[in-house]
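Could you fit the two chains together into a complex? Lean on the hints.
Chain residues, written in single-letter form:
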Amino acid sequence: MHLSTEFGVWVAAFLTIGITSFLYKDNPFYKFCEALFVGISAGYWFVSLYFQNLLPKLFDNLGITRMLGLSEDNGAIQNILAGQWDERIWYVLAGILGLMMLMRLFPSIGWISRWPLAVVVGSTSGLYMITYFQSNFLSQLQKTVIPLIDLNKISALAAGGSLDNYFAAFLGNLVLVIGTLTGLAYFYFSKEHKGAFGFSAKIGIYFLMVTFGASFGYTVMSRMSLLIGRLYFLFGDWLGLIR
Amino acid sequence: MQRIFEKLLAIDRRIIFLVIFLALSIPIFLGIKINIKVTDEVQIFYDAISSLPSGSRIMVACDYDPGSEPELQPMAESGFRYFIQNNLRFVIIGLWPQGPMQANKALVSINEAKDEFIVENGDTLYFGTDLIVVGPDTARYGIDFVNLGFQAGNELVIQRMGSSIKAAFASDLRLGKPIEEFDIMRGLNQLSDFDFIFNLSAGYPGTVEWVQFAVDRFHVACGAGNTAVQAPQVYPYLDSGQLSGLMGGMKGAAELEKVVGHKAKATMFMVSQTAAHIFVILFIVIGNIAYFATRGKSGRKG
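Same order as they appear, the protein sequences are chains A and B.
Numbered by the numbering used here, the letters in the first sequence go through residues 1 to 243 in order.
Numbered by the numbering used here, the letters in the second sequence go through residues 1001 to 1302 in order.
If we strip away everything but chain B, and leave its shape as in the complex, we get (with noise of 0.2 angstroms):
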């Protein structure tokens, strides 16, 4: 038995690679499905988003780049859908250069038309760009949703908009047109006209700085959605009641994705996440096992 612990103690860590590699992949050829639980935070996040009436406007800041996409791609995804579905219009922002870009990407993501674009009032309409289509429910750009991009400035960019929006963002990132020339923006001036700040964050600045600045000095509720090593570092927030919701790494999306009634990519993940999970605590069992088991001999020799 001593020699088996000294074994597992000096495996190549390359077989727990393996392991891991093998636990991540087979699930996902598998097509099983697990219940999923929805716990008390973005039960919080759902109730705050549903609660807002038709028209409502949401500031989506984008703070990512596609390092943390499995995470937080999901979450965009399912708040882009829900918000179409329910005629919440939406403006996208990012303190992240490749935020606005993960937002387009998400959108393109949920778009169903099969259609390439379309020509209206001698207009060309693209789909997944200026056209969404999601069920019976379409959104338009400039009237349902913009994306004003990227400022740089961190969380001097949010003070600045807390005074003026156009301060801040001068222009849309698609047109290059002044923002107070869309529809959706009409009455926007500064940030505590906004109705709610749907932040997906995966660093600084990130949710911390939406929590400081837009919650705490502006009065605009936030929800959040975090990768789960950021997840820790925000929950007393939650607590507190300064965040309206988290959803912290893909488990987060997956109970999203749940509650909003489309489930997608991070529910299908979960399956090779759990797997991976049931290893890593193997691994920690048997390792501490072996570890107190070759101890306890090696005191009696000595």
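Next up, chain A with everything else stripped away, as it sits in the complex (with noise of 0.2 angstroms):
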């Protein structure tokens, strides 16, 4: 057993355990620990959009950072009054959109806010609009229409094959159709859910709960790999248990 003798790797041990004592009941020391890793997120992003956005972004792009004598760099403003255009004048825009995104913080014109925000809203939309149509519907239909039985993959099965080629070969296509049709269906509500529909609908909701335990499958993989990798730090790291 070989401890840690460095104070960051303690601090990290003591509030892996002050979270994880949370399992066992409410505490103060889980509460401590909770209540300073909202703290310190709320300061790391505070520091961190700061720095990454808007100074290199907006104050250095226009050259406010210039004018206060931060900065050597001319910005957009410096450009322009020496007779040069500079196109990240542009800037100006997305500063004014952020200061008005703030009016919200005075009800009295917080109405204001809701024009970046519809700035937003539009061309967020805009963008995804094309790129969820190609991605997320385009491509998937492409690659549904598929025939049935694979004869490509029996051809390969002659030379032998396992368990999953057959079933690439025979059934994989099928499930993958009949999937994508029954869970249509399923969410298809201009039609009352009976006889041969009903049944289509039905078969649906079993493919999408066969979905539902893959994630929740998955889930609990991720959460457990979470575990193991605090497990590792605080019998390796810390109590240096494990070479």
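Quick caveat, the hints were computed from the structure, so don't treat them as lab data.
Using N, Cα and C, we set each Cβ at its ideal position, and we do this for glycine too.
It is possible that part of the hints are untrue.
Claimed, not checked - Pulled from the structure, derived: some chain B residues nowhere near chain A, Cβ distances all over 12 angstroms:
#, residue
1, ALA1048
2, THR1124
3, ASP1130
Unchecked claim - Subject to a maximum C-alpha distance of 25 angstroms in a straight line, what follows is the list of computed SDA-like cross-link-like pairs (lysine to any residue):
#, chain 1, residue 1, chain 2, residue 2
4, A, LYS25, B, LEU1022
5, B, LYS1105, A, GLY43
6, A, LYS202, B, PHE1292
7, B, LYS1258, A, LEU231
8, A, LYS143, B, PHE1292
Unchecked claim - Here are some chain B residues the structure puts well away from chain A; computed CB gaps all over 12 angstroms:
#, residue
9, ARG1014
10, PHE1150
11, HIS1277
Next comes the structure, spelled out in structure tokens:
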């Protein structure tokens, strides 16, 4: 056993145990670690957004840092005043929209913040309309138009194959097509789910359940992985029990 | 029997936590090895990177933070090790602020040099940052790899790189030098100049955005490593051929370690993972049996 001599490791171990202590029951130790996490996260994001967004993109590009003597590089304002067009001046529009967004802090003029919000919603919708249509609709639809039984894979089976190959050749495409059609049937609400249509919708539910089950399984795996990572840290980096 | 089932249903959740804790902890010390089967998803990724000619340039997009380290860091380490061993050059970027730092951490981790630094032509080169040693192979900063850091803007950064990388990343993270001064960046003007994209993703922005913008719009092949939570969301992109390989969670990382021939942390952790899964399945089965057994009994009583 070789206990870590690094201060940071001890702090991390203290916080890990503090947060996981909630599994036993709520306690002041957990509350302290939780509050610390929330505070540090907020501080980190504030600093990160300032130094990675506001400072380089707005203040540097416009030349505000130059005006304040914090930078030696000319910004758009200095260049334009010197008679040289600088397209970075358009960042001023982003700055104004940003300021308008902050108006929601003042209830009497809070309505102003709806304007920049409208710009964000509009531009995001326009951007995603194309990308989702291409990536999540057309491409997916295209790959659903497939032969029910894959003749190429069947001919490959002649040379010998595993159970996976048999599934791929005879059942894979069939499951995909049935799953897609019955899943769509379940989400079609213009016709009552009765008779043959109701039956196919019910099959669709089973496909959805399998999907949710797979997602849940993956989530369990993910959470276990994170816990393994923390245990490895505690036993290895902190306590030195693992070589 | 009825009483046992009722007790099982009312079991204190802390006992379950304790069992899971033991199931995860004990295997770490036992050193058991399990056989890991490489699935088609990971094989497709390996086939894609192994078919790249020597000297190809790969963009490594690290879109994750320390919270996802146990799942994605082994993938980053395996990927970097393979790239260096096979003379594949790589450019690191991040759409998450901590992603490029995680990449640096992975590079330090795979570096095998015993010394701290070396003096070459008057320049001090630090191992793990300027120079990475993996067996007989080396990678040098600026020539074989470079870290351009984080850029805010989510998917719009990808969109911007589609027309100009320089517009999205003007300088690198380590030295703050303009990117055109690096040897590796010569001829890399836009996203489509890359031969491959390796995305490590823990959420938004991540693999979904890389597929939508880089793959479908700029036609660059992309392989991804995802947290297990996110993997089911991106599987449809794999089946449709939009993704060139997918590694999901720690299992995917362990498979990657096997396929590149360097078993490390993820492989070791899979024993704990398997043990915990067995107990979770047992709990689900026992819980369901107990539930149906007691429900039938109470129904008859009623």
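Results of checking the hints against the structure:
no., hint, result
1, ALA1048, "holds, 18 angstroms"
2, THR1124, "holds, 25 angstroms"
3, ASP1130, "holds, 24 angstroms"
4, LYS25(A) <-> LEU1022(B), "holds, 19 angstroms"
5, LYS1105(B) <-> GLY43(A), "holds, 23 angstroms"
6, LYS202(A) <-> PHE1292(B), "holds, 23 angstroms"
7, LYS1258(B) <-> LEU231(A), "holds, 23 angstroms"
8, LYS143(A) <-> PHE1292(B), "violated, 42 angstroms"
9, ARG1014, "violated, 6 angstroms"
10, PHE1150, "violated, 6 angstroms"
11, HIS1277, "violated, 7 angstroms"
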